[in-house]
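Residues in the sequence shown are numbered consecutively from 4, following my numbering.
Please keep in mind that the hints were generated in silico from the structure rather than gathered at the bench.
Among these hints, one or two may not hold up.
Stated by the list, open to error - For each label pair, taking beta carbons as the anchor points, the in silico distance ranges come out as:
hint : residue 1 : residue 2 : range
1    : K156      : A79       : 19 to 29 angstroms
2    : I95       : R137      : 33 to 43 angstroms
3    : I86       : I174      : 21 to 31 angstroms
4    : G127      : D90       : 34 to 44 angstroms
5    : E185      : K89       : 22 to 32 angstroms
6    : D90       : E185      : 14 to 24 angstroms
7    : K157      : A82       : 35 to 45 angstroms
8    : R68       : P161      : 34 to 44 angstroms
9    : K89       : E135      : 47 to 57 angstroms
10   : A82       : P184      : 15 to 25 angstroms
11   : V193      : T118      : 21 to 31 angstroms
12   : P59       : I174      : 36 to 46 angstroms
13   : W56       : K156      : 23 to 33 angstroms
14   : G127      : I103      : 18 to 28 angstroms
As the list claims (entries may be wrong) - Pairs of lysine-lysine, BS3-like flavour, derived with a Cα cap of 30 angstroms:
hint : residue 1 : residue 2
15   : K89       : K186
16   : K128      : K89
17   : K149      : K89
18   : K164      : K67
19   : K111      : K164
20   : K128      : K198
21   : K156      : K198
The structure displayed is predicted, hence computed values, not measured ones.
Even glycine gets a Cβ: it sits at the ideal position worked out from N, Cα and C.
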Amino acid sequence: MPKVLDLRKKNKIAAKTITRRPPLKEAVSTLKDRAVRVSAILPQRQSPPQISWEAPSFYFNPQKRYLSLLIIALSAGGAAMLIFKKDALTAIFLLLSSLILILYSNKKPEISKITITQAGINIGKEIHYYDELRSFWIHYSPGMDKELSLEPKKWYVPYIKVSIADRNPLIIRSLLINFLPEKEHENSLVDIISKRIGL
């Protein structure tokens with residue numbers, strides 16, 4: 004039988020050609036080298052865009068001329084109602100109103116950190132998510148205060164107004180336009196009066 008194979012000889016040859024594996028330290032170092040090369044090729048993950056700044060929690064006007072006139076008028080009206088009309092209830096109401104205005108006028112605004120992220124808008128410790136807001140508007144006139152106005156979806160919640168301070172309104176708009184529709188918000192009569200008298 005000329006074509007008979009001897010398998011014992013073939014196994015010996017195969018056993019001789021088996022190479023030895025490198026030690027564990029060398030394998031780990033080659034894996035680290037490959038990981039470094041792959042991370043250099045892949046683009047670096049960028050953090051999501053966000054804008055943050057610090058601003059006072061409400062508009063503060065140090066000149067309280069109109070407010071002091073209003074407090075004097077309320078106090079005088081309360082005293083007149085008590086003396087001439089003998090209406091104690093209205094007099095107490097007017098005097099308490101003037102007292103509340105005095106207390107509120109002495110309140111200083113807190114500096115809040117405002118952050119606009121992809122999830123929502125953080126104002127101090129409050130978070131306003133985009134799905135809770137209907138629209139936004141930036142009140143900006145050169146030489147005037149810049150203000151971000153947010154309209155909540157709940158009808159009983161007033162507009163949320165935040166000072167933009169020294170931030171560029173175009174950068175804020177370019178981020179917010181991706182999440183909320185832009186709609187002009189009119190200043191209410193209460194906003195106009197409170198800014199005028201210095202509240």
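Quick rundown of the hints versus the structure:
{"no.": "1", "hint": "K156 / A79: 19 to 29 angstroms", "verdict": "violated, 43 angstroms"}
{"no.": "2", "hint": "I95 / R137: 33 to 43 angstroms", "verdict": "holds, 40 angstroms"}
{"no.": "3", "hint": "I86 / I174: 21 to 31 angstroms", "verdict": "violated, 58 angstroms"}
{"no.": "4", "hint": "G127 / D90: 34 to 44 angstroms", "verdict": "holds, 42 angstroms"}
{"no.": "5", "hint": "E185 / K89: 22 to 32 angstroms", "verdict": "violated, 55 angstroms"}
{"no.": "6", "hint": "D90 / E185: 14 to 24 angstroms", "verdict": "violated, 50 angstroms"}
{"no.": "7", "hint": "K157 / A82: 35 to 45 angstroms", "verdict": "holds, 41 angstroms"}
{"no.": "8", "hint": "R68 / P161: 34 to 44 angstroms", "verdict": "violated, 26 angstroms"}
{"no.": "9", "hint": "K89 / E135: 47 to 57 angstroms", "verdict": "holds, 50 angstroms"}
{"no.": "10", "hint": "A82 / P184: 15 to 25 angstroms", "verdict": "violated, 51 angstroms"}
{"no.": "11", "hint": "V193 / T118: 21 to 31 angstroms", "verdict": "holds, 27 angstroms"}
{"no.": "12", "hint": "P59 / I174: 36 to 46 angstroms", "verdict": "violated, 20 angstroms"}
{"no.": "13", "hint": "W56 / K156: 23 to 33 angstroms", "verdict": "holds, 25 angstroms"}
{"no.": "14", "hint": "G127 / I103: 18 to 28 angstroms", "verdict": "holds, 23 angstroms"}
{"no.": "15", "hint": "K89 / K186", "verdict": "violated, 50 angstroms"}
{"no.": "16", "hint": "K128 / K89", "verdict": "violated, 48 angstroms"}
{"no.": "17", "hint": "K149 / K89", "verdict": "violated, 48 angstroms"}
{"no.": "18", "hint": "K164 / K67", "verdict": "holds, 21 angstroms"}
{"no.": "19", "hint": "K111 / K164", "verdict": "holds, 17 angstroms"}
{"no.": "20", "hint": "K128 / K198", "verdict": "holds, 25 angstroms"}
{"no.": "21", "hint": "K156 / K198", "verdict": "holds, 25 angstroms"}
Hint check: violations occur at hints 1, 3, 5, 6, 8, 10, 12, 15, 16 and 17; the rest are consistent with the structure.
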